[in-house]
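There are 2 protein chains.
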Amino acid sequence: MDLKIIEELSVQSPEKVVMLVLDGLGGLPDPETGRTELETAVIPNLDAVAAEGICGLADPIAPGITPGSGPGHLALFGYDPLAYQIGRGALEAVGIGIELGPDDMAARGNFCTVDDKGIITDRRAGRISTEKCAELCKLLDGMTIEEIDIKLHPVREHRFVAVFSGRDLQIELTESDPSRTGVAPLEIKAEHAIARNTATIINKFIAKAKEVLSAHHPANMILLRGFAKRPQLPSMKEIYKLNPLAIAAYPMYRGLASLVGMAVADTGAGIEEKIKTLRKNYLKYDFFFLHIKLTDTAGEDGDFSRKVKLLEQVDAALPALAALKPDVLVITGDHSTPAVFGGHSWHPVPVAILSKYCRTDGVKEFSEKAFICGGMGRIHATDIMPLAMANARKLTKFGA
Amino acid sequence: MDLKIIEELSVQSPEKVVMLVLDGLGGLPDPETGRTELETAVIPNLDAVAAEGICGLADPIAPGITPGSGPGHLALFGYDPLAYQIGRGALEAVGIGIELGPDDMAARGNFCTVDDKGIITDRRAGRISTEKCAELCKLLDGMTIEEIDIKLHPVREHRFVAVFSGRDLQIELTESDPSRTGVAPLEIKAEHAIARNTATIINKFIAKAKEVLSAHHPANMILLRGFAKRPQLPSMKEIYKLNPLAIAAYPMYRGLASLVGMAVADTGAGIEEKIKTLRKNYLKYDFFFLHIKLTDTAGEDGDFSRKVKLLEQVDAALPALAALKPDVLVITGDHSTPAVFGGHSWHPVPVAILSKYCRTDGVKEFSEKAFICGGMGRIHATDIMPLAMANARKLTKFGA
Numbered sequence: 001m002d003l004k005i006i007e008e009l010s011v012q013s014p015e016k017v018v019m020l021v022l023d024g025l026g027g028l029p030d031p032e033t034g035r036t037e038l039e040t041a042v043i044p045n046l047d048a049v050a051a052e053g054i055c056g057l058a059d060p061i062a063p064g065i066t067p068g069s070g071p072g073h074l075a076l077f078g079y080d081p082l083a084y085q086i087g088r089g090a091l092e093a094v095g096i097g098i099e100l101g102p103d104d105m106a107a108r109g110n111f112c113t114v115d116d117k118g119i120i121t122d123r124r125a126g127r128i129s130t131e132k133c134a135e136l137c138k139l140l141d142g143m144t145i146e147e148i149d150i151k152l153h154p155v156r157e158h159r160f161v162a163v164f165s166g167r168d169l170q171i172e173l174t175e176s177d178p179s180r181t182g183v184a185p186l187e188i189k190a191e192h193a194i195a196r197n198t199a200t201i202i203n204k205f206i207a208k209a210k211e212v213l214s215a216h217h218p219a220n221m222i223l224l225r226g227f228a229k230r231p232q233l234p235s236m237k238e239i240y241k242l243n244p245l246a247i248a249a250y251p252m253y254r255g256l257a258s259l260v261g262m263a264v265a266d267t268g269a270g271i272e273e274k275i276k277t278l279r280k281n282y283l284k285y286d287f288f289f290l291h292i293k294l295t296d297t298a299g300e301d302g303d304f305s306r307k308v309k310l311l312e313q314v315d316a317a318l319p320a321l322a323a324l325k326p327d328v329l330v331i332t333g334d335h336s337t338p339a340v341f342g343g344h345s346w347h348p349v350p351v352a353i354l355s356k357y358c359r360t361d362g363v364k365e366f367s368e369k370a371f372i373c374g375g376m377g378r379i380h381a382t383d384i385m386p387l388a389m390a391n392a393r394k395l396t397k398f399g400a
Numbered sequence: 001m002d003l004k005i006i007e008e009l010s011v012q013s014p015e016k017v018v019m020l021v022l023d024g025l026g027g028l029p030d031p032e033t034g035r036t037e038l039e040t041a042v043i044p045n046l047d048a049v050a051a052e053g054i055c056g057l058a059d060p061i062a063p064g065i066t067p068g069s070g071p072g073h074l075a076l077f078g079y080d081p082l083a084y085q086i087g088r089g090a091l092e093a094v095g096i097g098i099e100l101g102p103d104d105m106a107a108r109g110n111f112c113t114v115d116d117k118g119i120i121t122d123r124r125a126g127r128i129s130t131e132k133c134a135e136l137c138k139l140l141d142g143m144t145i146e147e148i149d150i151k152l153h154p155v156r157e158h159r160f161v162a163v164f165s166g167r168d169l170q171i172e173l174t175e176s177d178p179s180r181t182g183v184a185p186l187e188i189k190a191e192h193a194i195a196r197n198t199a200t201i202i203n204k205f206i207a208k209a210k211e212v213l214s215a216h217h218p219a220n221m222i223l224l225r226g227f228a229k230r231p232q233l234p235s236m237k238e239i240y241k242l243n244p245l246a247i248a249a250y251p252m253y254r255g256l257a258s259l260v261g262m263a264v265a266d267t268g269a270g271i272e273e274k275i276k277t278l279r280k281n282y283l284k285y286d287f288f289f290l291h292i293k294l295t296d297t298a299g300e301d302g303d304f305s306r307k308v309k310l311l312e313q314v315d316a317a318l319p320a321l322a323a324l325k326p327d328v329l330v331i332t333g334d335h336s337t338p339a340v341f342g343g344h345s346w347h348p349v350p351v352a353i354l355s356k357y358c359r360t361d362g363v364k365e366f367s368e369k370a371f372i373c374g375g376m377g378r379i380h381a382t383d384i385m386p387l388a389m390a391n392a393r394k395l396t397k398f399g400a
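Chains A and B, in that order, give the protein sequences. Just so we're aligned: the first sequence equals residues 1 to 400 in this note's numbering. Just so we're aligned: the second sequence equals residues 1 to 400 in this note's numbering.
The list treats identical chains as interchangeable, and a pair is accepted whether it falls inside one copy or across any two copies.
List time: in silico DSBU-like cross-link candidates among lysine-lysine, alpha-carbon distance up to 35 Å:
id: 1; residue 1: K356; residue 2: K309
id: 2; residue 1: K356; residue 2: K16
id: 3; residue 1: K132; residue 2: K293
id: 4; residue 1: K241; residue 2: K284
id: 5; residue 1: K397; residue 2: K138
id: 6; residue 1: K356; residue 2: K369
id: 7; residue 1: K356; residue 2: K293
id: 8; residue 1: K369; residue 2: K16
id: 9; residue 1: K138; residue 2: K189
id: 10; residue 1: K241; residue 2: K189
id: 11; residue 1: K117; residue 2: K138
id: 12; residue 1: K241; residue 2: K293
id: 13; residue 1: K397; residue 2: K237
id: 14; residue 1: K151; residue 2: K397
id: 15; residue 1: K241; residue 2: K325
id: 16; residue 1: K132; residue 2: K208
id: 17; residue 1: K237; residue 2: K4
id: 18; residue 1: K369; residue 2: K325
id: 19; residue 1: K237; residue 2: K356
Hint data in this document are derived by calculation from the structure and do not stem from the laboratory. Note that the coordinates shown come from a computational prediction; the quantities given were computed from them, not determined experimentally.
Only chain A is shown next, with the shape it has when bound in the complex (with noise of 0.2 Å):
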C-alpha cells in the first residue's frame, strides 16, 4: 500500500498497538518428528493468540525472496523493502549504533592479508580476534584527506565499519575488494563522473592504511565496499501518527527502529526485561515495537531444541505482556529462520493480530501450518501494519 494514501488516512488515537517480533520466527519440520519448532514447542500463550486472533502468512519481500534483516524489519514497518533500500555500509553502521549524519558516508570494511606482491592471501586476515580489530582500527581512524574526516570502528573479528565524513562524498562507487584471493585488492572506481573526487580519496585513504598496516602481518591491508549514506525514510510519526517506542537490544534493531522515527528504549536483553521496558513506558506511547533477537541465533546456529525452548520461554512471558491489554496485538517474524536450514529463509512468516475487531477465524494453534489456513490468508508483510492501525481504529475511510 502507498504510504502517502496511509498517511492520508491515519489518524492519532488512544488505542495501543504492540507488536512483538520474533525476529526468524518461522521454521521447517524436523526431519525425525515431521513438526517444526513451533508445532513442537508447548506454547499455549501463543496457541490462545491465534484461536482469539486472525491468522496468516506473510511474504517479507515476495514469495522465494530470503530477507535480510534490514529488509524483514522495513516491511514489518510498512515500508516496502524494494523501494526502500538501505545501503550495506550504512547497515552495518546502524548495526553497531553508530548515527550517520547526512555528510556522512560508510562502508563496510575488512582487514586481509597480502603478500609481498599485494596479492591477496586471506580476505578475513585469519579472522583476528576483535580486539585485535579495535587495535588495528585505532591505527587508522582520525585520518584527514582533503578535507574528509575519518573514523574507524570495529566491528567483530577481522569486520569494521569505515566511515567518511565532509561535503560531497557520492556513493556511486565500486568496491576494493575483488571476492577471492590470488588477485591484487581492487581500485575504487567511480560508477559516475560526480563520484571520481570521492573514489580519489578512498583510493589514497587506502594506499595509507597499507602504509600504517605494512608491519602488521596477517592484517596488513583493508578491502572496502558497500559504501552508504543514511537512507532517506520517512517517519512512522508522520505516515502513522504515532508515538512509536523500540524495544530492543540489539544495535542493528535499535538502529533500523530509529531510521524510521522511533524512540528507542533503554532495555535489558531478556523478554522479561523487555515487557517490564514495555510496562514502564506504556502510557507514554501508542505503539511498541518489541524485539526478541535468540529465536533466529538459534535457528542460525540449527539448533532446533533451542529454538523450541526460546519459542516456550516467550510463550511463558505472554501474559505479563497480555495483562497490560493491548488494544491490537501483533505477533510474528522478520522472516523465518528455520533450524534445520541454519540460516534466513524465504518461507513466508506466520504472523497473528489479536484485536477487538480483528475477525477471529477458526485457527486454533500457533504454527506455520495451521496458519495456512488463517483469516488473513497469504499477505504481503508490508500489509501488517495497516492492518494493526485499522484493528487499532487509527485508519479512517478511503473515499466518500
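Go by the hints and put chain B onto chain A.
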C-alpha cells in the same frame, strides 16, 4: 518480482530443478460426477508429490485472464507475460522452429478461398492438406519486393508463416484477415506513419500472391495477420545462472524455450521417452523444462476421459522421473484447459513443489480443490521460478 533483482540474487549451484509442465493441467468438474479430471484420475504418484510437497494455485496472468500458450509458459519461466509480449507472427514462427533475425518480421498466414469477385468464401481454403500447403508455399517463396525478401513456411493444413527480411520493416500494421467470410480481404494499413512503406510492400506481395494462386482454387488467396518481430527476452542463463534444457516435442514449446535461452533436446514425444531424454542429459544441465502437450489437447477436444487417462499415464511414468531424485521437482501447468470448457481457461493452475526445504503442508491429494488449502496459497505463476530457485538454494539473501 523484478528480474533484475532475481539476477542480482541468483547464484550457480549443483542442485537440479525439474519443472514438469502438464499443458492445460487445471480442470472443471464433470457435471455428472462433480469431480474434475484430476479428481477422477487415479494418480497415486501425483498425490504423493502433493502430500510430501507444498501446494498452491497459480494465476498465469491475473484472475479472470485466460492465457495463450506463449504467455502461460513465459510466466512459468518467471517472465511477466504483460511486460514481455510476443507478437503472434513471431510466436507462430517460433512454433515451427524458425529463428527470426533482427531484420526479420513474421506474419501468420492462411490460404483462403475467394470467389471471382474477390469475396472470401472460406477463410481456411477447405483446410487443404499440409502437403498441399507446402507445395503452394513453394510457389510464393523467395520473392523480393523493394529489397525485402519474402519466405513462406508451411505450418499445418491451410496455415503458413511469412517472413519478411530487410531494412526498416515496421510492425505497426493492420491485418488483411477480416475474421469472417462474405467480404473481401482487407488492405493492410499502417497504424503509424512509420509503417507506411512496409504496408505498401505487404500489399504488393498479397497482390502478387493472388496472381500466382489464381489457378489453385480452393487455395486461391492468402490472409495475413499478427505482424511481429523477434521479442527481446533476457536469457534464463543471465537471470538465474542456470544451464537449462527444454525437453519438449512440439515446435511451439521448443521455440519458446529457445527464446528464453534454453538448450532444446532431441526427444521423442511420449512421457517415457521424455524421461529417458531427461536421464540422458541429467548431468549436463541443472534445470529441465519437461513439457507434456496432450493433456491440453484432450481438454481442447472436450474429451474428459481422455484427459483423465493422460493424467494417469503421466502419473504412471512419474516414478522413473522421481528415481533421478531432483533436488527440486515442480509439477504444474501453463494454464487450465477444462474438458467441460473445451479450451484454455482463466482458472488458476495447480502447482506443487517438492524439495528438502519446501515446508510440507496438509494437502494429501493432487487436485484443484485440495490445493486451495496448500501452503503456497494462491500465487502468481511468475513466483514459481523464484520459489524453485530458493528451494534449490540458488537465491542469495536480499539485503543484510
